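Chains as they are written, first to last, in my numbering: chain A, 2 to 449; chain B, 14 to 276.
If you're looking for bench data, these hints aren't it; they were derived computationally from the structure.
Given the structure is predicted, the values throughout are model-derived calculations rather than measurements.
It is possible that some hints are incorrect.
[Claimed, not checked] Calculated pairs, EDC-like style, for lysine to aspartate or glutamate (alpha carbon to alpha carbon, straight line, at most 20 Å):
(1) Lys15(A) to Glu156(B)
(2) Lys11(A) to Glu156(B)
(3) Lys11(A) to Glu162(B)
(4) Lys317(A) to Asp369(A)
(5) Lys198(B) to Asp8(A)
(6) Lys254(A) to Glu162(B)
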Amino acid sequence: MALTGLDIFKQLPKTNCKDCGSPTCLAFAMALANGKASLDQCPHVSEAAKENLGAASAPPVRTVKVGVGEQEIVMGDETVLFRHDKTFYHETAVAVQVSDTLSGAELDAKIEKINGLVLERVGQKVAINLVAITNCSGNAATFKAAVEAVAAKAQFALLLVSEDVAALEAALPAVAAKKPLIYAATAENWEKVVALAKANNVPVVVKGNGLDDTAALVEKVAAQYKELVIDFGSRQQAKTLAEHVNARRLAIKKKFRPFGYPMLAWTSATDPKEEILEATTYVAKYASIVVVKADEKHHLLPLFAWRMNIYTDPQKPMAVKATIYEIGEVTPDSPVYICTNFALTYFAVEGEVSASKIPGYIVAVDTDGASVLTAWAAGKFVAEPIYEFVKDCGVLDKVNHNSIVIPGHVAIISGKLKEKSGYDVIVGPQEAAGIPAFAKARYPQLMK
Amino acid sequence: MIMIGERINGMFKDIGKAVREHDPKPLQEWAVKQKEGGAHYLDVNTGPNSEDQTVDLPWMIKVVREVSDLPLAIDTTDYNAMEAALIEYGKPGAVINSIGCEQEKIDRVFPMAAKYQADVVCLCISKSGIPKSADERVALAMEFVANAEAYGLQPDNLFIDPIILPVNVAQEHASEALETIRQIKLLSNPAPLTTIGLSNVSQKTPHRPLLNRTFAVMAMAVGLDSAILDVNDDLLVDAIASARIILNKDIYCDSYPKVFRQR
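Isolated chain B, as found in the complex (with noise of 0.2 Å):
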């Protein structure tokens, strides 16, 4: 399960200040404090209060870079942004997050993502909206994977996010969803990645570390490969690292919860 730390994006109000003044110490402090929590990526976002995120956005890529060699998740819908800030990453393996399934963000985004070896990340989502039925999401998927062939992408390149939705207001969405991850898993070989924006399960509801990794489990059961979400709920990882073991993905010992950290 690969995580992708959330925590260094302007909606949060520490690091919103941070962007705006240009000072580098809460990014930088986040990105140490996630890589602890055991992230395999850090996501990195300006939030919505940015003047220039074509500036913003490479400045926040250069700070995180400097204490942290964590590949990135870079986190806009500003594909001009996203291009300044993967030339300042400089180096393959970044990821593009995100695009909808519009084939004008799929012409734009998919040739910069061959050009500078990123993946990218795809959310099920059209021109008409979030499609409610598993089928619908499979079939936004297949555009994306149909695609990336053209593109000279891999299916494996795509971490696909199938869309949750927050149970308290659109509670038939999640189950759908779950079985979005299950069918695109056997959409190719090799299948396309799977990705999930946990923490918006839970959105305004008073549960949530309990709704986030008991939708974790749920959804690695049915191959969900990884997740932007808070690697620092300490209860969420362990979870991650127990369905990890129950799934036969690592190999047990009894200090598992530890060692799964430190990869």
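Bound conformation, chain A alone (with noise of 0.2 Å):
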């Protein structure tokens, strides 16, 4: 958000002296605050009062990136309390916790288990982003050795867990090409954690207690290193939920640097589904990272599809790939129906197939995402391209018949369909919910 007129008042002199070109300083101000006037043409202004306003007009949420390459997690940067606002920029990373009392083919074992946490949801690729090594061991050697091996086999970057300084200085110079985050400097440690993060070029996780405490804390790490991730400290659901929905706020609309930082969140719960739905609470209220247990798939893929669906920029429409789908135990003799790829729209004509009982083919066609009568009145649901679609997708090779089935909206591209296809073209229901009923009295011998 830009700066105030009162904001940037309280900064200038106050004298009046019309130098910068306006009648007073109270009109400088006003045209700062407009766009119409820069900081420079005032000559009396002070340095101080200069870096406060260049702080004032920095990002509310600093970005801060973890790990190399294709590994890398950018966070941050976020500008709204509610996506419907604009939208959330980066998704959550998911970490998941490997102790440093494992070792040989134990560890081995759970590093292959880990890097196997790579799923596919309508047709993106989803999956954690870091593995937390937490020295539970509370040897600087054994976290050293377990870092190492991690680090040699884990497809994710690193989360290194240890609030002993002397653990984080053995392990951290070998890995830290990789850009490891580090956690935690604490009240007690962070002169030296915050040292030893700068000086090998890493992020570090600032741990508090409480918003009051982490905001004291942050302050007096972030005088000399701003690459931080903070952590209130709490593990309990109700309380990190507060924390973080407070410091988010203060964040963006008070432009409160302390909490100007992506935020990291542990879950508690010991069952995995119960932490898998803490989870989602973080997920869905500001974390940029999430510390888990769980490390099975079927207990992580609700939260990578919760995930993905809050991080999804609500401006834009959903949309399902453009392809076809076989919805029940389809056979040569099922029918084809087409319909957009606007997730809205498949879904509806998904679920009506389903529940039509007779298994059937849905080509989504390629609307960029458009319902069926955006898509037609943008000339992108017409007989041309829908002919090509179909043609291309190869739909027609797998069933023993010519025939496809359009929504009944469309119907007056019906003739033209048919004329340039040579395909048998059945005008449906206009409504999906009419399916059922048009399957039943259309195909009541593919009836189960």
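Using the hints, put the two standalone chains together into the complex.
Structural data, given as structure tokens:
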């Protein structure tokens, strides 16, 4: 958000000397707030004021990066409290914990399992983003060995978890090139941990105890180093939620600098199902990293799906992959339904085809995610592109007939489509809700 | 858009007579009628014929509150009467209407606002009169905001009124008032609220409702938060409801003009 006139006015010398070309300092402040003047025009403004104004015009949440190359994670740089106001930009990174008490074959097996935590959902790859190596052994050498073993094999960025300065000092240098995130700088150890982070050019988590304490600690740390992630230190869901909401509000609405960093949350539930529920709260409420113990695909998939949904851009229509979908146990006799690849349209059709109890193919034509009537009006869902898409996708090679069902709302294109393609074009119901009745009447022999 | 109903004002003959005779009926009828029109606040003003505002104004507050739970804008420049009225009102959330930008008025009224947790209508008008340019008006607005901080008030406890004059005799003021509203919203965070005595724009013109509603929607587009107006002018309220929809302040539904009045 832009600076207000009052914010700027407070930093000006209040001389009303007109050297800037404005009649008063207030008029100059308003001109600055309106973007009609630049601060350099005032010869009397102090260096401190320049720095304050510069900092206040910086983005509300700093961008912090972890990892390198394909493993890189970008965090922060968020601007809204509600996704419908614009969008959330950087997906929450999921970190899975590995204890350094594991070694040898046990550790190898665990790394292999974690590397397998990559899934596919609606045509996109979804995965965890970080491996969190925790110094449960309490031993620096053991921690170093585990970190190196994980770094050598894991396909994700690293989070080094130890509040013991000696353990971090031992483990970090060998893996610094992978730009891990180190955890944590606390009230007790921050000077050494932050110096270590700075020397190795890696980001660091500042762990405080509640809002006030964390703000004070971040302020001290930020004077020396700004590649920070915040952990408020609480391990209760309700408290963490409240802290995240307050911190993000203060950062965005009040430009409160100590909270202008990405936030990290730990789940505390021991049951994986409860843990995932807890993690969904943090994904929805501003966490840039959520650290979990769960490492089973069936536990993580709902969390990935939720994350993907929350971080989609609400201004852009949700689209499904434009391709052929098989609903039920299709046979060469099954009907072929044509619709667009707008997610709402596709899922409405899919639900009804499925409810009709007659297996069928659905061809989601690429309309850039537009609905049937929108795409029709824009010339993307008319005879030519539909014919091209149906021909190229090869759906009619899978069946023993030559007919396609088109939405009733675009009945008008049926003649031209038939002429163009030579297909038997059947006009279906206007609303997808009519599909079960339509299918039962038309294909009684296919009823199960 | 906060609509402050203007009708309980002794300048109107029926209210003036009722105040002199201490007859509650016309006041209470207008309180009910303005709420039905969609008013969020009711302005209460004794009018110029009150012999003793410290008696008449609290009486008006009392009888209006008997029939209405809407918050009140207490409209007087007699600050002893204001204080008596605030005591009678007896709860947070009233609006003090109004003060001009003079240090002694600020020093008298801002502490009172803080004490009774009332908001204040601040007029962009100084000892030397009504400034013409937007810049001069904004400078006065900044005075109010800077003073508010010193007295423990938040900028959004202020309803800053850039002052609108009738377009038939002071035509060049309206566009300056609009620019003032736009700039006031950039003054601070949170921004001060803005208000306007809407009906002033059309004084002594033959097109009052047309001018009123046209100015209302123009002012809303540049950030007007509230206005003292005729809430029983249906076309005006429809225009305000429509402007809110167009500005994405309220979620659209087909019955939005009705829904707006019910809030």
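How the hints compare with the structure:
At roughly 13 Å between alpha-carbon atoms, lysine 15(A) and glutamate 156(B) fall within 20 Å of each other, so this suggested pair holds. Between the alpha carbons of lysine 11(A) and glutamate 156(B) the distance comes to roughly 13 Å, so the proposed pair stays at or under 20 Å and holds. Under the criterion of a C-alpha separation no larger than 20 Å, the hint pairing lysine 11(A) with glutamate 162(B) is consistent with the structure, at around 12 Å. Under the criterion of a C-alpha separation no larger than 20 Å, the hint pairing lysine 317(A) with aspartate 369(A) is consistent with the structure, at around 10 Å.
Restraint check for lysine 198(B) and aspartate 8(A): satisfied, since their Cα atoms lie roughly 13 Å apart, inside the 20 Å limit. Taking the CA atoms of lysine 254(A) and glutamate 162(B), the gap is near 19 Å; set against the 20 Å cutoff, the hint holds.
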